[in-house]
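These protein sequence lines are chains A and B, in that order. Under the numbering used here, residues 1 to 251 are what the first sequence spells out, in order. Under the numbering used here, residues 1 to 279 are what the second sequence spells out, in order.
Hints were generated in silico from the structure; no laboratory data involved. Just to be clear, a hint being listed does not mean it is correct.
[What the hints assert, rightly or not] Listed below are several chain B residues computed to face chain A (Cβ distance under 10 Å; list not exhaustive): (1) Asp93; (2) Leu163; (3) Arg164; (4) Glu165; (5) Leu168; (6) Ala172; (7) Arg174; (8) Val177; (9) Arg179; (10) His180.
[To be verified] Facing chain A, from chain B, some residues (calculated, C-beta under 7 Å): (11) Thr162; (12) Ala166; (13) Ala167; (14) Gln176.
Idealized CB from N, CA, C, for every residue including glycine.
So you can see what is in the structure, the chains are spelled out below.
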Amino acid sequence: MAQFEVENLKAWYGDKQVLMDVSVSLPAQGVTAIIGPSGCGKSTFIRCLNRMHELVIGARMEGEIRLGGEDIMAPAVDPVLLRRRVGMVFQRPNPFPTMTIRQNVLSGLTLTGRLKRSEADEIVEKALGDAALWDEVKDRLNTPGAGLSGGQQQRLCIARCLAVEPDVLLMDEPCSALDPIATARIEELIAQLRERLTVVIVTHNMQQAARVSDRTAFFLMGELVELSETNTLFTQPADQRTEDYITGRFR
Amino acid sequence: MNHRIADRILVVVCFVGLFLPLACLVALLGDVMWDGVARIDWSFLTSYPSRHADKAGLLPGLVGSLFLVLLTGLICIPLGVGAAIYLQEYGQDSRLSRFIAINIGSLAGVPSVIYGLLGLGIFVRTFGLGRSLIAGAATLALLVLPIVVIASIEALRAVPGTLREAALGLGATRWQVIRHVVLPAALPSILTGCILSMSRAVGETAPLIVVGALTFVTFLPDGIDAPFTALPIQIYNWVSRPQAGFENTAAGGIVILLGLLLILNLGAVLLRAKLSKDR
Ligand SMILES: Nc1ncnc2c1ncn2[C@@H]1O[C@H](COP(=O)(O)OP(=O)(O)OP(=O)(O)O)[C@@H](O)[C@H]1O
Ligand SMILES: [Mg+2]
Chain A
1 MAQFEVENLK
11 AWYGDKQVLM
21 DVSVSLPAQG
31 VTAIIGPSGC
41 GKSTFIRCLN
51 RMHELVIGAR
61 MEGEIRLGGE
71 DIMAPAVDPV
81 LLRRRVGMVF
91 QRPNPFPTMT
101 IRQNVLSGLT
111 LTGRLKRSEA
121 DEIVEKALGD
131 AALWDEVKDR
141 LNTPGAGLSG
151 GQQQRLCIAR
161 CLAVEPDVLL
171 MDEPCSALDP
181 IATARIEELI
191 AQLRERLTVV
201 IVTHNMQQAA
211 RVSDRTAFFL
221 MGELVELSET
231 NTLFTQPADQ
241 RTEDYITGRF
251 R
Chain B
1 MNHRIADRIL
11 VVVCFVGLFL
21 PLACLVALLG
31 DVMWDGVARI
41 DWSFLTSYPS
51 RHADKAGLLP
61 GLVGSLFLVL
71 LTGLICIPLG
81 VGAAIYLQEY
91 GQDSRLSRFI
101 AINIGSLAGV
111 PSVIYGLLGL
121 GIFVRTFGLG
131 RSLIAGAATL
141 ALLVLPIVVI
151 ASIEALRAVP
161 GTLREAALGL
171 GATRWQVIRH
181 VVLPAALPSI
191 LTGCILSMSR
201 AVGETAPLIV
211 VGALTFVTFL
221 PDGIDAPFTA
231 LPIQIYNWVS
241 RPQAGFENTA
251 AGGIVILLGL
261 LLILNLGAVL
271 LRAKLSKDR
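With these hints in hand, go ahead and build the complete structure from the sequences.
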């Protein structure tokens, strides 16, 4: 677990600025949800947190982000190493199609040449167990990861992240491609993971934010409007714009 | 009712459009087969050319062509795939490499005899390789390089960006992502492109004539710097002989060449099917 401190974060795609001046502190404990209308910069924001943003051609970012007190934008910081501490789960499940389930789980370690063979079995079982997938796939670890259902694939992607033992898990609309049952399983999983990991989840679904998160941040047009306890934000928002959005009055 | 008739007419036109060229092709192949198959036997494959049509064989051409493909592949595939990886995976943010990637297609359209002249100028003369196998292979490699690059770029481009993101998000470096995620996913298409470009190289005649392949060879190449001939050259030589009997010999050569091409293409199809089934 580690705390994020973000100060004056600005981000651009080419000439287009999409994060205006975001300052926020995301505590290490618990789950932070990020909500806001489409295109307001939610994905961009969390992609800044593990410096994936700068991989987009023409994209850049400015400001200060500290993770557990360490400045992760400093020139000396290797973004590759940072991303091993800050894992990411994407909107569409994206297991590696050329790999088996087992290879997918281990991929974070094999890709980077850090896998010790003797530990592989243990890591696979633990990561799949933590992702609540072990029982469903333990008999077919050597079949292709792409052969699983969408919900299982997404949990496989979570297991793949967990195997690298990150401090933080960023999730960008992890359930938006899943049916309600698969969604419920992922939400249960988040409830378990919050004990050991800092979780930041982007969601379009306000009920989901209310169910899984401790705090909720509301973004609007590249600005952070409000960050409050989830309960407070949904019952007594401090900002009129937040209220308009959550009550659906937002244009 | 009216558009039904229009539909019918279109189908008929399309069918004729398909049938005519196909019929010509079949007739041509049939004719060659008719003349050539009778000429093919073991000694045809294992003898050297001769002044007598019924004794002439195409061993040097066959061996030369096989060596040529092998060398061409060795030169061209690593270069072409490497260039594609650079252009597609690393060079995206540089204007120069985007310019190159766009224009590489035009290189594939340059007439092959021009590549022959280039090979003659660079490999045979400037590098002093002489009229050797390696000079021929290098020239053919130049010729098919754009094809390999384009096929590989297409294959790399077809790998979804979400996979790259997933791997980068796990803390892999760019090269690790390419080596372990992108290349394996693109491999079937890359290999198919490579094999097809090799089959293009096997059939080329003009650049080899310019580079100086021999037309009457009674020995096998004993090294990459040896003089050589190739199947299409041998066939060309036989076709242009006035003596009776050589047209059958030429037809036999053509059948063998077509067989070689068929094997290469079949290899590409099978390889692709196998690799994409393995996942
Ligand atoms: N690769 C890109 N190139 C250019 N502009 C982009 C790119 N990605 C996003 N944008 C723009 O940046 C803005 C913020 O996008 P972002 O993806 O962060 O929004 P979001 O809040 O995640 O939206 P959604 O809820 O639809 O996922 C949008 O206006 C979008 O058009
Ligand atoms: Mg988004």
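Quick rundown of the hints versus the structure:
no. : hint   : verdict
1   : Asp93  : 5 Å, holds
2   : Leu163 : 6 Å, holds
3   : Arg164 : 9 Å, holds
4   : Glu165 : 7 Å, holds
5   : Leu168 : 6 Å, holds
6   : Ala172 : 4 Å, holds
7   : Arg174 : 9 Å, holds
8   : Val177 : 7 Å, holds
9   : Arg179 : 8 Å, holds
10  : His180 : 5 Å, holds
11  : Thr162 : 4 Å, holds
12  : Ala166 : 5 Å, holds
13  : Ala167 : 6 Å, holds
14  : Gln176 : 5 Å, holds
Checked against the numbered hints above, the structure breaks none of them.
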